[in-house]
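The whole structure should be built from the sequences, with the hints applied where relevant.
Numbering (the numbering used here), first residue to last: 1 to 188.
Any given hint could be a false lead.
Stated by the list, open to error - Pairwise CB distance ranges (calculated):
#1 Asp123 - Thr156: 18 to 26 Å
#2 Asp123 - Ser161: 18 to 26 Å
#3 Ala58 - Ala125: 15 to 23 Å
#4 Asp162 - Asp44: 20 to 28 Å
#5 Asp49 - Asn97: 30 to 38 Å
#6 Asp53 - Glu14: 21 to 29 Å
#7 Thr62 - Asp123: 47 to 55 Å
#8 Asp162 - Glu14: 44 to 52 Å
#9 Ile37 - Thr157: 49 to 57 Å
Everything labelled a hint here was simulated from the structure, so no lab data went into it. C-beta atoms are modelled at their ideal positions from N, C-alpha and C, and glycine is treated no differently.
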Amino acid sequence: AYEDRIYLTNEASECSEDDTGCTQLNEFDDDIVLNHIQNPSFEDDEDDDTFPDDWINATTDTTSTQTMTEADAVYGSFSFSTDASIFEQYISLSPNNFYTLSFYARADDTTASTTTVSVSLLDDAGTAVFVAGTSYGGDCTQSTSSYVVTLTPSSTTQFTSDEWSQFDCTFTTPEDVAQGLVKINSDM
1 AYEDRIYLTN EASECSEDDT GCTQLNEFDD DIVLNHIQNP SFEDDEDDDT FPDDWINATT
61 DTTSTQTMTE ADAVYGSFSF STDASIFEQY ISLSPNNFYT LSFYARADDT TASTTTVSVS
121 LLDDAGTAVF VAGTSYGGDC TQSTSSYVVT LTPSSTTQFT SDEWSQFDCT FTTPEDVAQG
181 LVKINSDM
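What follows is the structure, given as structure tokens:
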């Protein structure tokens, strides 16, 4: 599916809109959204509640911990660690499009519980949309209405020592999708 994309270099020539297969390209500006997730690096906490802004704390476990550390980030200034936590964010999605959920993770404790990072597909009313028949690839699996990346801290194929590992899931959306629910669940 996404392997069939065409990437252009500065050697690509212009074509007329009348030419078969010619597509108008849009220059990057403030109206083009490259990241649908708000505060994707978990660095913003303007309300000082020790939980990243724009994320919903859906944790019910009173022993959960979340820590923002000013060091050792892949990008930005902070890294965010969590245990026994569930946090989520609703994002806008368009039907019949490709999306990629990509992130870095590190397992400091190989005995820690499994964590899942998922995106559930929803319609305008917030009802789950079945993903059967859609394309997906990368590090995820497909369930009834979502794509899930399962992180197992003891897995030496996913994690090597204390290094950050990148994970991704590229998927298509069905025609009745309007939004997604990105969920990080370390409460497994």
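These are the hints, each one checked on the structure:
| no. | hint | verdict |
| --- | --- | --- |
| 1 | Asp123 - Thr156: 18 to 26 Å | 40 Å, violated |
| 2 | Asp123 - Ser161: 18 to 26 Å | 43 Å, violated |
| 3 | Ala58 - Ala125: 15 to 23 Å | 20 Å, holds |
| 4 | Asp162 - Asp44: 20 to 28 Å | 25 Å, holds |
| 5 | Asp49 - Asn97: 30 to 38 Å | 34 Å, holds |
| 6 | Asp53 - Glu14: 21 to 29 Å | 43 Å, violated |
| 7 | Thr62 - Asp123: 47 to 55 Å | 34 Å, violated |
| 8 | Asp162 - Glu14: 44 to 52 Å | 48 Å, holds |
| 9 | Ile37 - Thr157: 49 to 57 Å | 26 Å, violated |
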